[in-house]
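Participant: Letter by letter, the chains look like this.
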Amino acid sequence: MSAEALAVPMVRAIGVRKWFGEHEVLKGVSLKVARGEVLCIIGPSGSGKSTFLRCINQLESYEDGRIIVGEQLIGYREVGGRLKALSTREVVAQRRRIGMVFQQFNLFWHMTVLQNIVEAPIRVLGESPAVARQRALTLLERVGLSAKADAYPMKLSGGQQQRAAIARALAMQPELMLFDEPTSALDPETTGEVLSVISELAASGMTMIIVTHEMGFARQIANRVVLMEDGEVRHEAVPADFFGPDTTVRVKAFLSSIH
Amino acid sequence: MGFDWSFFLDRILNPGEPYLLAMGRTVAMAVLAMLLGLLIGLVVGFGRLSRLAPVRAASAFYVWLIRGIPVLVLLVMLFSGMAAAGLFRFTDVNLFGLKLTASFQAAVIGLAIHEGAYMAEIVRNGIQAVARGQIEAAKSLGMSSWLVTWRVVIPQAARVIVPPLGNDFNHMLKTTSLASVIGVQEIFLLTEGMSATTFKTFELLTVVALNYLLLTTIWNVIQGVIETRLRAHELDQPVYGWWQSLRYYLMPRPGSVERRR
Numbered sequence: 001m002s003a004e005a006l007a008v009p010m011v012r013a014i015g016v017r018k019w020f021g022e023h024e025v026l027k028g029v030s031l032k033v034a035r036g037e038v039l040c041i042i043g044p045s046g047s048g049k050s051t052f053l054r055c056i057n058q059l060e061s062y063e064d065g066r067i068i069v070g071e072q073l074i075g076y077r078e079v080g081g082r083l084k085a086l087s088t089r090e091v092v093a094q095r096r097r098i099g100m101v102f103q104q105f106n107l108f109w110h111m112t113v114l115q116n117i118v119e120a121p122i123r124v125l126g127e128s129p130a131v132a133r134q135r136a137l138t139l140l141e142r143v144g145l146s147a148k149a150d151a152y153p154m155k156l157s158g159g160q161q162q163r164a165a166i167a168r169a170l171a172m173q174p175e176l177m178l179f180d181e182p183t184s185a186l187d188p189e190t191t192g193e194v195l196s197v198i199s200e201l202a203a204s205g206m207t208m209i210i211v212t213h214e215m216g217f218a219r220q221i222a223n224r225v226v227l228m229e230d231g232e233v234r235h236e237a238v239p240a241d242f243f244g245p246d247t248t249v250r251v252k253a254f255l256s257s258i259h
Numbered sequence: 001m002g003f004d005w006s007f008f009l010d011r012i013l014n015p016g017e018p019y020l021l022a023m024g025r026t027v028a029m030a031v032l033a034m035l036l037g038l039l040i041g042l043v044v045g046f047g048r049l050s051r052l053a054p055v056r057a058a059s060a061f062y063v064w065l066i067r068g069i070p071v072l073v074l075l076v077m078l079f080s081g082m083a084a085a086g087l088f089r090f091t092d093v094n095l096f097g098l099k100l101t102a103s104f105q106a107a108v109i110g111l112a113i114h115e116g117a118y119m120a121e122i123v124r125n126g127i128q129a130v131a132r133g134q135i136e137a138a139k140s141l142g143m144s145s146w147l148v149t150w151r152v153v154i155p156q157a158a159r160v161i162v163p164p165l166g167n168d169f170n171h172m173l174k175t176t177s178l179a180s181v182i183g184v185q186e187i188f189l190l191t192e193g194m195s196a197t198t199f200k201t202f203e204l205l206t207v208v209a210l211n212y213l214l215l216t217t218i219w220n221v222i223q224g225v226i227e228t229r230l231r232a233h234e235l236d237q238p239v240y241g242w243w244q245s246l247r248y249y250l251m252p253r254p255g256s257v258e259r260r261r
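These protein sequences, in sequence, are chains C and Z. Just so we're aligned: 116 in our numbering is position 116 of the first sequence, and the numbers increase by one with no gaps anywhere. Just so we're aligned: 44 in our numbering is position 44 of the second sequence, and the numbers increase by one with no gaps anywhere.
The shape of chain C in the complex, shown without the other chains (with noise of 0.2 Å):
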């Protein structure tokens, strides 16, 4: 890759909003993230950064404000300075390249963690089903699963679910990930398990966004921290000034009401 395409932002949304009816989620919010980089979002519950999240693959779409990915203007097509809604299909492919990850894992119940993992490779992709399974076992072994390839979700623990979402995300080959609460839906116990897969995941370069309540996890893996309340981006900082001493009022106030 040259050395300009490493300067564009993977990420850059420039004033989103969006709107539930008469209540504004998005109240114009721009973020940036470089290739590689890894972008925690925190805040309180309605604050509007899984709103944001979901905007980004277009299982939400938002009414104003650009997300670029890329170089790839998502949801829209800009007509003499307006946007114009994209079609379903265009939508549709724009999301291949854009990994998420749910807090309620979300697979699919009626196939066996291989099957969840080939799947889209195969129809969407139109990869052969040998290599595409070659990738998802490798993949299985990568987040510690290979012993569960033929076993049925349902039969798996809350963790391992996650794991192999996050294996059958992975086998898209995105060049994004996005997390929303990777582990609110988890025991203590299985939470250090998919956290580690995320951190494993981020040293090897793979750029995330992700929504978490994990502020230890934040900070050790984060390379810029978020505080989103009320639809709106209040603080962005990288860890060490985020959760120090010196961080705004706004940050020690949301730290200290989840404590």
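The set of hints was computed from the structure by calculation and includes no laboratory data. Quantities reported herein were computed from a predicted structural model and do not represent experimental measurements. Note that CB positions come from ideal geometry on N, CA and C, so glycine has one too. Some clues are possibly wrong.
Stretches of chain Z that chain C covers, calculated by requiring three or more beta carbons in the stretch to come under 8 Å of a beta carbon on chain C [to be verified]:
1. 53-64
2. 145-154
3. 228-238
Given chain C, work out where chain Z should sit, using these hints.
Facilitator: Relative to chain C, chain Z alone:
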């Protein structure tokens, strides 16, 4: 006069070619009408959840209308009523050397139209039972609407759809007897013909009742295997494919009664 056991047993052991042929018609009618009804049910069921208001309205209208008309009336209307009005007349056709009589066609279509309305409600319920997160996960992997429907929604809805569908097919196997009214030579009409000449009405009706029971019993097993397959993910031991599902369903094991439920 009593029950003529020897006549009864003879009818059971030596049904004869016309009776077996009639049995074939009964089964063929039920299977074809069910398949066609399922197809109608899928279209109308998805239609009821369509984003387009006219499609939703048309689907709801179909269900409302058809569920309010007796099958018997529907069958006679299709076969005799429309012909009498000069709207449409069913004619015999030859399909790959197989003669499909006009009444048989009308019966299959009438039964399917009726079944489709009930199937639509079953399908709609099945689709609505699929968790939102499953669909979002599929979308997030770049799957198209068609792939999401075909690979995630339908298989997961099937888990909910199949038990009531099996119930409907059980009904269907027996409802085919109404086709006798428009002259389809199925087992009930044949039985009536025989009883008119032999006067062994009670024996013959017992035989035909047992035959319907046999059909529904076979279907019970088939339905059990299909349900086992669709529940593979939640069984006490992994079951892969149809063959293992059949074995799992049929194999007597301790506690197997509880497991099948």
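Participant: Indicate, hint by hint, whether the structure satisfies it.
Facilitator: Hints versus structure:
1. Three residues within the 8 Å Cβ limit are the bar, and the segment 53-64 of chain Z against chain C gives 0, so the coverage statement is violated.
2. Note: the segment 145-154 of chain Z has 4 residues with beta-carbon separation from chain C under 8 Å; the three-residue rule is met and the coverage holds.
3. By the rule of at least three residues with a Cβ nearer than 8 Å to a Cβ of chain C, the coverage given for the segment 228-238 of chain Z holds, with 5 such residues.
Violated hints amount to a single one, hint 1; each of the other numbered hints is respected by the structure.
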